[in-house]
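Undergrad: Listed here are the chains, written in short residue letters.
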Amino acid sequence: MYSKKNPSLRINEADLKCKNGCGYYGNEEWEGLCSKCHHEHLQRERLKKTGGHSGLHHGERDGDKHTKSAVGFSKFEEKKRQQAEKKTKLLKLSVFRKSSNSKDLIRSEQFQELYSATPELEKLKQDYQDLFSSVSQSVERDVLKSINSFNVNVLKNADIGTIDELSEVVQNLYQVFAKRMEASIIYTDLSQEKKEMLLDFVEKYVMTGLYRILFCPPSTTDEDKDLSLQNRIRQLNWVNAQHLDCSINETQSEVCDLVYTAIADIIGMDSAKAPQDKLSCIVRCCRNIFLLLQQSVGGPASADEFLPALIFIVLKANPARLKSNINYITRFCNASRLMSGEGGYYFTNLCCAVSFIENLTAESLNMPVEEFEQYMSGEVIPTSTWESALMMCEGMHLMYEQLATLDDLHNRYTRFGEGALALKEEMQKFKIDIADEVAAVLARTPLTIQPRKTPTDIDSENPTCESLPPPIVPQIVAPQIGLEPDSVKKTESAEDSQPNITAAALPHDYLSLSSPLVFSHSLDELTTPDDIFGAQALSFVQGLTSINYDIDLSDLSADNSYAEDVPAADGHKSSAMLSLEVKPAEELTPSLLDNTESPTGDLLPSPIKPLCTGEYQGFAAQGWQIHSIPCETGDTPSLNSDACGNVDSASSQFQT
Amino acid sequence: MANRSGAQRPNGTQGKICQFKLVLLGESAVGKSSLVLRFVKGQFHEYQESTIGAAFLTQTVCLDDTTVKFEIWDTAGQERYHSLAPMYYRGAQAAIVVYDITNQDTFGRAKTWVKELQRQASPNIVIALAGNKADLANKRMVEHDEAQGYAEENGLLFMETSAKTAMNVNDIFLAIAKKLPKNEQVTGAGTSGQGRRLVESEGQQKAPGNCCK
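Taken in sequence, the protein lines are chains A and B. The numbering of the first sequence is the UniProt record's numbering, which starts it at 1 and goes up by one. The numbering of the second sequence is the UniProt record's numbering, which starts it at 1 and goes up by one.
One or more of the hints may lead you astray.
[Unchecked claim] Listed next, the in silico DSS-like pairs over lysine-lysine satisfying Cα-Cα at most 30 Å (straight line): (1) 195(A) to 225(A); (2) 19(A) to 316(A); (3) 115(B) to 182(B); (4) 431(A) to 17(A); (5) 69(B) to 195(A); (6) 194(A) to 69(B); (7) 111(B) to 179(B); (8) 123(A) to 19(A); (9) 41(B) to 16(B); (10) 16(B) to 195(A); (11) 179(A) to 182(B); (12) 316(A) to 36(A); (13) 195(A) to 123(A); (14) 194(A) to 182(B); (15) 139(B) to 164(B); (16) 41(B) to 194(A); (17) 164(B) to 179(A); (18) 179(A) to 41(B); (19) 182(B) to 41(B); (20) 115(B) to 139(B); (21) 145(A) to 195(A); (22) 16(B) to 194(A); (23) 111(B) to 178(B); (24) 69(B) to 16(B); (25) 195(A) to 182(B); (26) 115(B) to 164(B); (27) 17(A) to 179(A); (28) 69(B) to 164(B); (29) 123(A) to 145(A); (30) 16(B) to 178(B).
Hint data in this document are derived by calculation from the structure and do not stem from the laboratory.
One chain only, chain A, in its complex shape (with noise of 0.2 Å):
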């Protein structure tokens, strides 16, 4: 139950609504639900039960212990309504007085429950160890003894007085205890500060047992003060420091930081139990607040600086319970505690803040009527509240990192320019070394410039040229070509045995190819234009030699008539191909070829004898295509050494 209680500053608000949805906070303790609508429960519960039993107030009692059993109320809330029950009875049927025996017996349950397994407890007797460790065996039994008597009266006056006579009680119980550590023999020798100690050490045990009881009892309207100061404070959300003259600056992260501590100093208040205690929460918030103030006025901060302060920190934590908790700390905070020292001063200060808030108008913040009514009614929404401070705190923390990154940038950039720099220096260096280097290879070897070597028009050299026809018909020497090789394959066949016509062996085509024409041009003796072209091919071929030795680099001239050569040759080649291509054709109608034929065919002996056509004819066309096709490559030596023969192997394979 109690370690449920322990604060936690990160639990959703939904989480803390009451059960109902009524709006209000709820309270685990109360399974949940707000104090009303528990109360609301709990008398809904008791009527079920109560309708069950016969005798009508120790039948309630004992309804009331089976709810504990089978529910599992809190004890807490077993205890205040106990309480309540009994003043409505003494109220309203004091005829049903209960026996003083029953009293005592709920009494000691009421002391068994409070003293039992309360780690609370337990942790605070470890911490005054030290205090009873140097204190005699005697003082610390008449201490325990003085808190049972304590805890007894408390108890007893729990069920009858008021809270304010409760409060009398205790004030008088402490006054009774210190006045005891006075006139006793066996606290004689004890310093005043083990007495204030020992003072400190009854308050706290005996407040943090009571605890329950005694905080925000349930006849006072301490929760009605809680909630309607929690909804004031929420209603002024929108009031920021500047509306206080409050001279916190909230821009730096130190104070943003210490301004967090001491909202979590404020709320942690509710979680603690003893009086003392809670005052030492509320001084440790204040204490904070003049740390922050420090660092914005520069110097002590004084009364003026520090309430606006605490009115500010205290409408920012809108702290749970905050009415309850003075009300606990007036009622039961040794009173000397209270009037005197630094707690005292806190704590009145914080009561002035609490009063200000709840009497606040438009006056005491310095604004217009008008104005003020329109924060309250929530109309306006003042731009510079807390959140947006807050906002412009990132801004400025995003603003610095950008402003380093941008220094950074500056840096590279800076580093990057001297880099250029460096670059350009070394460029023009380079380029100064370079012209040096060049100038001194100059002057090395002089530049002689020569004339340009330009491949040399044989032609236009040549005196006999224009006298020329143009060197390379090809139309013309086409079909001669295309009859020719065949006729020169059989001369040449003989002599060796390398293919006629390649593209890649052209030259030694253009040179075997020419002597055989020459030659059977002078064998045939005939004025035709392949005469001239013979003669001419040998001048030419002596003019290249001429050539040679005139300019003296027998590598260019011979690129230079291989160059010249290109074309021809590829008439050559090309007439050859065409040649080759139309043979079928010529083979497949002979009669045609012979009448198409040039004049000068009619003079060469024709290699296309009858005498085979007329074998062939006896075969199918296809015969003559599958005889072509060794003729054009011309690979097999039996085949070039007679065409006869092979068409006449070719046939009889085609017979066999």
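Knowing the structure of chain A, use the given hints to seat chain B on it.
TA: Structure of chain B alone, referenced to chain A:
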């Protein structure tokens, strides 16, 4: 407090130790906290790290056979917090009302404070009037005689002080200490019930008188 303030040491050689609560009242910026800092720490504009606040300070002065411990409660001087003052001066045995001699308005406010204290604070409260910033005599707006006359009329202690030069600072506290009743019964009874009344009566702050039982 009853136990502490009037407690006599068992050996009795040191005499009495009296603890008194003293409130500082006055408009803001008249130098209330400077006065206290000068009295308690001997500082003016040369704050040490240890001094985190000037709102609550304690100082002990010795008078013949009695040690007087002052517990000095500073109050917020702004007009808007005026209504909260009774919570501070309730239960106080002494009060210093501070005004600024270079500002006539602050003297007017001081008079209101005095009137309020006489009406609402404990009847035997010792009230001192301090005209601060006496070092700025060339800018004086409140005449010494005027204030002196007012103080005599109302039975107040009066001194012109300067927190800057430390003029009359210790003197005014000593004068208060001398005037305070050393009878522990008086001080003890005066405070016992008041702490508890602090909040209960806050709704009726203007209620005159205190509540000694």
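Undergrad: All hints are to be evaluated individually against the structure, with a verdict given for each.
TA: Against the structure, the hints come out as follows:
Of the supplied pair hints, the one linking residue 195(A) and residue 225(A) is violated, its CA atoms being roughly 37 Å apart against a limit of 30 Å. Using a Cα cut-off of 30 Å, the hinted pair residue 19(A) and residue 316(A) holds, with the two alpha carbons roughly 26 Å apart. For the hint linking residue 115(B) to residue 182(B), the alpha-carbon distance of about 25 Å falls within 30 Å, and the restraint holds. Distance hint between residue 431(A) and residue 17(A) is unfulfilled; the C-alpha atoms sit about 83 Å from each other, more than 30 Å.
Straight-line distance between C-alpha atoms of residue 69(B) and residue 195(A) comes to about 20 Å, which keeps the hinted pair within the 30 Å bound. Between residue 194(A) and residue 69(B) the CA atoms are separated by roughly 21 Å; this keeps the pair inside 30 Å, and the hint holds. Only pairs whose Cα atoms come within 30 Å are accepted, and residue 111(B) paired with residue 179(B) is accepted, the gap being roughly 21 Å. A threshold of 30 Å between alpha carbons decides the hint, and for residue 123(A) with residue 19(A) the separation of about 33 Å lies outside it, so the pair is violated.
Between the alpha carbons of residue 41(B) and residue 16(B) the distance comes to roughly 24 Å, so the proposed pair stays at or under 30 Å and holds. Taken as a hint, the residue 16(B) and residue 195(A) pair is honoured in the structure, with Cα atoms around 19 Å apart against an allowance of 30 Å. Using a Cα cut-off of 30 Å, the hinted pair residue 179(A) and residue 182(B) holds, with the two alpha carbons roughly 21 Å apart. For a cut-off of 30 Å, the pair hint linking residue 316(A) to residue 36(A) stands: about 27 Å separates their Cα positions.
Simply put, residue 195(A) and residue 123(A) have alpha-carbon atoms about 20 Å apart, close enough for the 30 Å limit, and the pair holds. With a C-alpha separation of about 26 Å, the suggested pair residue 194(A) and residue 182(B) falls inside the 30 Å cut-off, and the hint holds. In summary, the hint linking residue 139(B) to residue 164(B) is supported, as the alpha carbons are separated by about 15 Å, within the 30 Å threshold. Taken as a hint, the residue 41(B) and residue 194(A) pair is honoured in the structure, with Cα atoms around 29 Å apart against an allowance of 30 Å.
For the suggested pair residue 164(B) and residue 179(A), the alpha carbons sit about 46 Å apart, so the restraint of at most 30 Å is broken. Among the hinted pairs, residue 179(A) with residue 41(B) is inconsistent with the structure: their alpha-carbon atoms are about 36 Å apart, more than 30 Å. A hinted pair counts as satisfied when its Cα atoms are at most 30 Å apart, and residue 182(B) with residue 41(B) qualifies at roughly 25 Å. Proposed proximity of residue 115(B) and residue 139(B) is supported: the alpha carbons are some 27 Å apart, at most 30 Å.
Between residue 145(A) and residue 195(A), the direct Cα distance comes to roughly 16 Å. Compliance with the 30 Å bound is thereby established for this hinted pair. Among the hinted pairs, residue 16(B) with residue 194(A) is consistent with the structure: their alpha-carbon atoms are about 20 Å apart, no more than 30 Å. The suggested pairing of residue 111(B) with residue 178(B) holds, with an alpha-carbon distance near 23 Å, which does not exceed 30 Å. Proximity of residue 69(B) to residue 16(B) is assessed by CA-CA distance (about 11 Å); at most 30 Å being required, the pair is judged to hold.
Restraint check for residue 195(A) and residue 182(B): satisfied, since their Cα atoms lie roughly 24 Å apart, inside the 30 Å limit. Restraint check for residue 115(B) and residue 164(B): satisfied, since their Cα atoms lie roughly 28 Å apart, inside the 30 Å limit. As the CA atoms of residue 17(A) and residue 179(A) are separated by approximately 47 Å, the hinted pair breaks the 30 Å bound. In summary, the hint linking residue 69(B) to residue 164(B) is supported, as the alpha carbons are separated by about 24 Å, within the 30 Å threshold.
For the suggested pair residue 123(A) and residue 145(A), the alpha carbons sit about 19 Å apart, so the restraint of at most 30 Å is met. Straight-line distance between C-alpha atoms of residue 16(B) and residue 178(B) comes to about 14 Å, which keeps the hinted pair within the 30 Å bound.
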